[in-house]
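Peer 1: Line by line, the protein sequences give chains V and S. Everything in the first sequence is counted per our numbering, starting at 1 for the first residue and increasing by one. Everything in the second sequence is counted per our numbering, starting at 333 for the first residue and increasing by one.
Everything labelled a hint here was simulated from the structure, so no lab data went into it. Computed from a predicted model, the values in this text were never measured in an experiment. Positions of the beta carbon are idealized from the N, C-alpha and C atoms, including for glycine. Take every hint as true, because none was put in to throw you off.
Partial list, derived from the structure: chain S residues whose beta carbon lies under 8 Å from chain V:
1) ILE463
2) ILE466
3) ALA467
4) MET470
5) GLN473
6) GLY474
7) ASN630
8) ASP632
9) ILE636
10) LEU640
11) TRP647
12) LEU650
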Amino acid sequence: MPQSPDLALAPRPAPSILATLARRNEVALLICLLALIIFFSLASSSFLTPRNLTNVLGQASLAMVAGVGVAIVVMSGEIDVSIGSLAGAVGIPLVTIMNMTESLPLGIAGALLLALVVGVVNGYLVAYLGINSLIATLGTMFIIRGGIYLYTGQRSIPDTAYLEEFFQLGNGRFFDFLPYPALISLIILAIFIYVMRMRPFGRQIYAVGGNPEVARLAGFDVRRVKFICLVISALLAGVAGILLSSRLGSAVHVAGLGFEFQVVAAVVLGGVSLAGGVGSLVGVALGVLILSFLSNGLGMLNLATEWQLVVTGGIIIAAVAFDEFKRRNQKQ
Amino acid sequence: MTETASSVAPPSRLRALTGNNEIVLIVILAVLCVLISIGAPQFYSVENVVAILRQCALVLIVASGMTMLLIAAEVDLSVGASLAFSGVVAMDVTNKTNSVLLGGLAGIAFGASVGLFNGLVVTRLRVNSLIATIATMMILQGGIYLYTREAVQNRHSIRLFTDLSTGYVGPVPVPVIIAALVFIACYVVLRHTMVGRYIYAVGANEKAARLSGLRSERLKLGVFVFTGMLVGLAGLLLASLMNTGQPTAGRGFELQVIAAVILGGTSLMGGRGTLIGTLLAVLVLKVIDNGIIILRWNQDLQMIVPGLVIIGATWLDLVRRKSDAR
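The shape of chain S in the complex, shown without the other chains (with noise of 0.2 Å):
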């Protein structure tokens, strides 16, 4: 969207920074806080906003690898499972060997062998994505029963581990700090790496890329596993958070993760999307989960009103672009 945009016309500073729909999501993101902090004027207190920084570390870990998987014309559905074996797999092996470093590697393996095995089945054997996913999603599901009937508690009581989610450096919490990295390296790459245009031209037009000598198979396999280790690294951050292994953790993340990432302006049809936008959607729908809890509403709403958001912004997108075009 923004290479459009900016190969058209001598982009602005502003426009060459944010694609169009990121337009959009800053106001939305804006008229959030002005009305929120309206209602409640403890909205701007310095541990709210850490706390929403706080809360949206794990999703937004996740989405980044999302991002460049839809860029890629690809989805995976299974990062919801995928991250609660995860946070078992790593609660478990901590526990085993008394060690938050081959616990955490443990959990991070586990979540990039799922990645690899989903890139596979995509590359190799041509299953559509969503589908492919939708089935490794009832494996993981069915199989976190298998390895284990109920929680994996917390046996070693290393501070280190559950630092990992509670501790702080400074003022900033340590999962902000981890997500902040994540995303910083995400979009350099994106942005300025030949990888990063690669994925673009694969999504925008496979065949394309292909003619002109791009492995595109090999490509989004990369891309699948990388998305596979950020699942893992955020269930590790999840079992430290919650201090033990839930088999049942995780359930609709992956549509959580999903709404962020298409609220963010990226194309479901792959060759669009920028990580800002993921970044602001991210930040937009937990103020609103955290608008919805400081003002005492009902917690029922926090899947009602993004709901409606996701709808909203979407079509305020293309009421915007319709406008441009003339």
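Only chain V is shown next, with the shape it has when bound in the complex (with noise of 0.2 Å):
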């Protein structure tokens, strides 16, 4: 075909379009994020000192490590409901290796692998099978938790190793400032940004995403694509559920039930299109710090956890809102 290399070239412009539009959306986010921290620490003394900021950083870390995992799968064009359960999951491989080899590496290894798992068979049912993916993973979200409640008894796996570097991993703090968790989602977010904007497969998914036809007419594999992003998203909450499981010092059963809700709204915040093709990651990890920020300052100010869910759900309607708003008068 000889015009495929002129649409190969296609997707090019359209990226400068879409981060001039994706960068506007972030200060929209970075103010609202800015507002929020000169609001708290004008009513809390406690907020705006280092070993805070830097706590909320610890916080954060999860929703942000599976949340980059998700966005990259929304920006592809499909969703990953799972990772809830699969971020319960992997305690089980982690503490069970442990209990039994007395060895962190090999305990990670073992959770990465079950992680591994799972990602493949979604990015297989989704991708190679052509499974709506919301309906494959509300499948394996449900086949996982069934399997952790089966296999636990209902019951959590306690540490027995007590390794001091599996109690470090996730309430260590590097230099006895950032917490490890907060580092290793930094490390992950900055990969996965380069990726997304400088890497051939960062400009390949918002073009999968954005129009499957175009991306496949242009010569990419967009089944390969979507099985990698379903990998990738899968790996990142095994991650996420690592450094879980290192905070509560075990395998818990019901660790991650309802994460996905908070990663999907912290990811949609971020400005990522359910539709796909759209978003950055930057505006993803300013979704996942607004709200935890929102968590944390609620928190010192004494409100109960039960008003925080509150004006979070308010918060996030707020701003969906509002981000519609703009968009729609950027229109006219």
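Join the two chains, each given in its own frame, into one complex according to the hints.
Peer 2: So this is what it looks like as structure tokens:
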């Protein structure tokens, strides 16, 4: 086909328009985040301390890591709701292997292997069998959670190896300053921002999510791209699960319940369109931070967790509604 | 689905009655019934069949509304939280007024107002319904604990209230009758009225529907409120069944309902789906639940098997459609 090189170039100019649009969205999110921080630092004297700010980064890390994965999947035009169950499930091989071998690397390897298997299954069901991703990952979500209950008999598996590294992974601080989970999440975020902006694969994800038919004609392997996105999402959910079980100090059977809702909310708040093809990871990171600072700040004001839920829900609606409003005004 | 099938070829009686996906579900249901009855002959006893139908009732009531919502290309994830909250409200109001009628109305009105809120956020503020109803879910989960810290006990002991879920008319439990009435009403509206056709039209192509003069926002708002009302009704029945208003009830209910609706062949993109499919899917899921119990299998399989069935049925449907297209 003679025209295919032209088509392959076609997605090139589009990102620049997308990027400028996305950047504007990020500015709005940043203003929102700063406003929150200013409000809370005026309202509570203990909010604006290095200790608390780094704490929030630590608390945000789980949603940040998993959010990067889900965002990539959503940008490719699919969705992954099995991440909550998976984040809970990886604790089982992690803790069991550690208890047997007293080795953290082996435990992590086991946990990531489980995540890889789930990612491959999700990816195969969605990309190659063509099952709608919400249905497929809803199915694996049930299967994994059921599997956890079945295996553990609805009890937590305690960590009996008491490895210092395992405790440090979730609770320690890099140079006694930045919590390790925060450090890990920032590294992962930076890598994927680079991939999404600079690498051909990142651009392929946008192309596939924006218009799969055009992407296919341009010579991209749409199925492979979607498959890899779902595998990445599962692996990152696995990483989040490892950090979570280190924080909890055991494999808890109810860990990660409802985590998928939190993450999807943060991703959409960050400006990623559920229709696919639109969004940026910087936006996602800001979305995660806004929700984390909100929950931390409301906690500092001694507001009951129930109020935190109510306020968070209200702010999600307000933020997305504002974004829609802005977009409609821009069109006119 | 039925529509396209019937417009292409002169429909056979069966084809006209059942969409394509429904054939897969009927086969699955039949296979399940045969397999379970081999393992446990008591599966076919009257008590067991009644028990299965009773367990279907709550899910079917909400799933009927959810089917309409998905056909209109929207979704409501707040139904689980709203279910628990309306149950608490119904019980509380009945306690305070000693009137089941007022309590029931309060529960249903609460559900409807949650639906109204969702509908307004989605249609006026243009927030995507998936994210809007996740937010509503959070608000309700927080709100219910602000309303009551512990379960609202039944302090009125009115027979009628408990009869709503445990009573019988002849051999048929009351909730089954209520569910059947709701289902039939929804079926008639969706298949045989203009409103039903409009719902399909708005879901299939909202722009085209609006250009041809449909007030799509209003229609969607109506479906949200209607679904909310059904959630309120289900919440009332749940409170009556448990004899308390339990704030922790309804966890994961939204996923059960949505799993049933999409297993029934309703498209997530809107514009396609049938209530018969939803009914069959609810039956399949509840027969599985029941089978696991009477076969004395580990009850944790009640999550795994439906997960497998949802994926498997969708895949079978895809395969069948591909071979049809050839």
